[in-house]
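These protein sequence lines map, in sequence, to chains F and B. Those letters in the first sequence? Residues 1 to 111, per this note's numbering, in order. Those letters in the second sequence? Residues 1 to 112, per this note's numbering, in order.
Some hints here could point you the wrong way.
What the hints assert, rightly or not - Using 30 Å as the maximum straight-line C-alpha spacing, the simulated BS3-like pairs for lysine-lysine come out as follows:
(1) F:Lys56 <-> B:Lys78
(2) B:Lys78 <-> F:Lys68
(3) F:Lys71 <-> B:Lys24
(4) F:Lys68 <-> B:Lys24
Stated by the list, open to error - To give an idea of the chain B side of the interface with chain F (calculated C-beta under 8 Å), a few residues:
(5) Glu18
(6) Gly28
(7) Tyr31
(8) Leu43
(9) Asn50
(10) Asn52
(11) Pro54
(12) Asp56
(13) Ala88
(14) Phe91
(15) Tyr101
(16) Gly104
(17) Gly106
What the hints assert, rightly or not - Pulled a few chain F residues facing chain B out of the computed Cβ check, cut under 10 Å:
(18) Ile34
(19) Gly43
(20) Pro44
(21) Lys56
(22) Arg57
(23) Gly59
(24) Lys93
(25) Arg98
(26) Gly102
(27) Gly104
(28) Thr108
Since the hints were made in silico from the structure, they are not lab data. All C-beta atoms in this analysis are idealised placements derived from N, C-alpha and C, irrespective of residue type, glycine included.
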Amino acid sequence: GESVGLHLPTLSVQEGDNSIINCAYSNSASDYFIWYKQESGKGPQFIIDIRSNMDKRQGQRVTVLLNKTVKHLSLQIAATQPGDSAVYFCAEKTSGSRLTFGEGTQLTVNP
Amino acid sequence: DAGVIQSPRHEVTEMGQEVTLRCKPISGHDYLFWYRQTMMRGLELLIYFNNNVPIDDSGMPEDRFSAKMPNASFSTLKIQPSEPRDSAVYFCASSLGADGYTFGSGTRLTVV
């Protein structure tokens, strides 16, 4: 049969708008989370991280929110720019030093 | 800092041939990770090392895959014999203390 690739969730926004990318993680024991950005033909690039003893962390134009009750992570990008167009992955540290990645979200910023 | 350096960037090989992918981690980092990325399965951890010692190789798909880290500045991932289903992008990443990995640019492997 024909193989089917992953169908990435997509988010399309207008330049200047705020973007919110969501992620559901799997392991309630995970204590460390990271958001990565991957542009076409490149490796994942670290954006921001958060530990489980926090529920919010801010960086430059980005904010990560962690809701441990429902095992949900979100990445907020303020004033989204065309250069923000990429696939965004959340990752959780599940056991030892193993980092497990989510499926990714394709963000497209329209000028 | 040059970041994590992987070579080659692209590799095309025939089925049955041996393939060796190389990685130079960031100097001073004590963890090194090998990931594989495909459309079907996304990013998968294959193996990781701490201080040059393999810690978790449960993600290595088959005995055809092997990884070594002879010293703190070099690691290899070898596939022997290679098969078309091994076609993927292979990433190496390193970190200090297992937080906030830095990824290399990857090796795109095509097995025909």
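Status of the hints after comparison with the structure:
no. : hint                : result
1   : F:Lys56 <-> B:Lys78 : violated (41 Å)
2   : B:Lys78 <-> F:Lys68 : violated (39 Å)
3   : F:Lys71 <-> B:Lys24 : violated (35 Å)
4   : F:Lys68 <-> B:Lys24 : violated (36 Å)
5   : Glu18               : violated (24 Å)
6   : Gly28               : violated (17 Å)
7   : Tyr31               : holds (6 Å)
8   : Leu43               : holds (4 Å)
9   : Asn50               : holds (7 Å)
10  : Asn52               : violated (14 Å)
11  : Pro54               : violated (12 Å)
12  : Asp56               : holds (6 Å)
13  : Ala88               : violated (12 Å)
14  : Phe91               : holds (5 Å)
15  : Tyr101              : holds (6 Å)
16  : Gly104              : holds (5 Å)
17  : Gly106              : holds (5 Å)
18  : Ile34               : holds (7 Å)
19  : Gly43               : holds (4 Å)
20  : Pro44               : holds (5 Å)
21  : Lys56               : violated (18 Å)
22  : Arg57               : violated (13 Å)
23  : Gly59               : violated (12 Å)
24  : Lys93               : holds (8 Å)
25  : Arg98               : holds (6 Å)
26  : Gly102              : holds (8 Å)
27  : Gly104              : holds (7 Å)
28  : Thr108              : violated (18 Å)
In terms of the numbered hints stated before, the structure departs from hints 1, 2, 3, 4, 5, 6, 10, 11, 13, 21, 22, 23 and 28, listed from lowest to highest.
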